[in-house]
Amino acid sequence: MAELWGIIGGLSEIRGFQVVWENLPYFLEGALITIEVTALSVAMGMVLGLFAGLFRLSHRVLLRSVAIAYIDFFRGTPLFVQILLLHFGILPYFGINEAFTSAIIACGLNSGAYIGEIVRAGIQAVDKGQMEAARSLGMNERQAMTYVILPQAYKIVIPPLINEFIALLKDTSLVSTIAVAELTYRGNLVYANTYQAAWVWGAVAVIYFIITKSLGLFGDYVERRLKTE
Amino acid sequence: MIDIVDVYKSFGKLEVLKGINLHIDQQEVVCVIGPSGSGKSTLLRCINQLEKVEKGHIYVDGEEVTDPKTDINRVRQKMGMVFQHFNLFPHKTTLENITLAPIKIKGVPKEEAIEMAMSLLRKVGLEDKAHVYPANLSGGQKQRVAIARALAMQPKVMLFDEPTSALDPEMVGEVLAVMKDLALEGMTMVVVTHEMGFAREVGDRVIFMDEGQIVEEGTPEEIFNNPKNSRTQSFLSKVL
Ligand SMILES: Nc1ncnc2c1ncn2[C@@H]1O[C@H](COP(=O)(O)OP(=O)(O)OP(=O)(O)O)[C@@H](O)[C@H]1O
Ligand SMILES: [Mg+2]
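Chains as they are written, first to last, in the numbering used here: chain A, 54 to 282; chain B, 106 to 345.
Errors might be hidden in some of the hints.
[Claimed, not checked] In silico lysine to any residue, SDA-like type, Cα no more than 20 Å apart, as pairs:
#, chain 1, residue 1, chain 2, residue 2
1, B, LYS183, B, ILE210
2, A, LYS280, B, LYS183
3, B, LYS197, B, VAL180
4, B, LYS209, A, LEU162
5, B, LYS209, A, PRO204
Just so you know, the hints here were simulated from the structure itself, not pulled from any lab data.
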């Protein structure tokens, strides 16, 4: 115990440690905003992704084309560019100028495209005989999806969905470029004032890691639960 | 009950049905036999439009299923289909498997649907399995549930595609027994099968298919004891 205090006493002499320690509440608040941006984006992405995935598999050419164009564009261009394009180039025309809102729209659209592919793969992984059995009972395509296919696809979809959640959480660091005061943005500010690169970015990295690791463990738990179900 | 008129079906370049004509009466039990790849499943799947035909017409209970204007979902309710691999819904219990379509599609009140499902389960001898998931049923039990599920829509025709081919030998009998009961009750049935004993005993008529055509048809007596076509003869000499 005495040794531990000794170590902390020693650390508190170091300038970088002092910077991190003093800014810890500021960083944690940023982490909360990071989580908020991620959660809202994923919520939007799940709705978009469900429709993108369903439309992607639709027999209607128009729906399918729209879904393909959407998925291809957002997976085929950098999120960084999408954020800049939406925030400065497109959303102002819709009266949206607030960086936080832009960030969620950009990240939501981006994750919707990835989730769309996850949903498509999940639906396709359900045995073909399930759709046939449902249709042979007189269900239309929509009923078969709702009552038979999607309830089975969701189990297949959850693990990759949690991976997407984690990937997006890390990618939200890019919205620091439009001055959303999330974790990376705050790291940048503190670094600019102190030049303690190793300590500041080290602390930021550790905070990100703690969040993604917790999500990952939660994902493993859910996966185990689904398997035994 | 079912009229198939000059039906053709191809998968890409492969011609699978080459001019099928078949009339099936109400209450008739027609067994379809023939070598692998001869188009038996495809014919059955065309009847309920799981496959679209290229040419020709199919009528079920007076409605043309091959007419794009027909509401196929409504007509499919008149045809129960039983698959080789059961295709039970794994996320639903036995009871829910049976009640799902009546409740959601037909709008049958829940209590009524459950009551009917229980009486169907009694009929196939699986009353005690009502709340079990398919994963915990044997193959024979699964197929009996699948039959009950199809019957719950109160169909006028039942289509069976090799319902016992995926079963361990000791479970074949229990499924055939259920099918036989159904035939005795007067259900119109089309049964694709390799169970020659069943075709002989329960079938009113046997159809022998080869290479996308109906090569020979007749009573079980005629087909099994006195086949006229040489292809029928050689097929039967291999399977009997
Ligand atoms: N969806 C499909 N796409 C392409 N070819 C198919 C498809 N379904 C069936 N076929 C082909 O059509 C032919 C007839 O198939 P079908 O399943 O009707 O035969 P079957 O008489 O039922 O044979 P089995 O006794 O093996 O079940 C086969 O050559 C098969 O490979
Ligand atoms: Mg077959």
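Here is what the structure says about each hint:
For a cut-off of 20 Å, the pair hint linking LYS183 (chain B) to ILE210 (chain B) stands: about 12 Å separates their Cα positions. Straight-line distance between C-alpha atoms of LYS280 (chain A) and LYS183 (chain B) comes to about 37 Å, which puts the hinted pair past the 20 Å bound. Of the supplied pair hints, the one linking LYS197 (chain B) and VAL180 (chain B) is violated, its CA atoms being roughly 25 Å apart against a limit of 20 Å. Distance check on the hinted pair: LYS209 (chain B) and LEU162 (chain A) sit about 34 Å apart at the alpha-carbon level, beyond 20 Å; violated.
Distance check on the hinted pair: LYS209 (chain B) and PRO204 (chain A) sit about 15 Å apart at the alpha-carbon level, within 20 Å; holds.
Of the numbered hints given earlier, the model fails hints 2, 3 and 4; all others are met.
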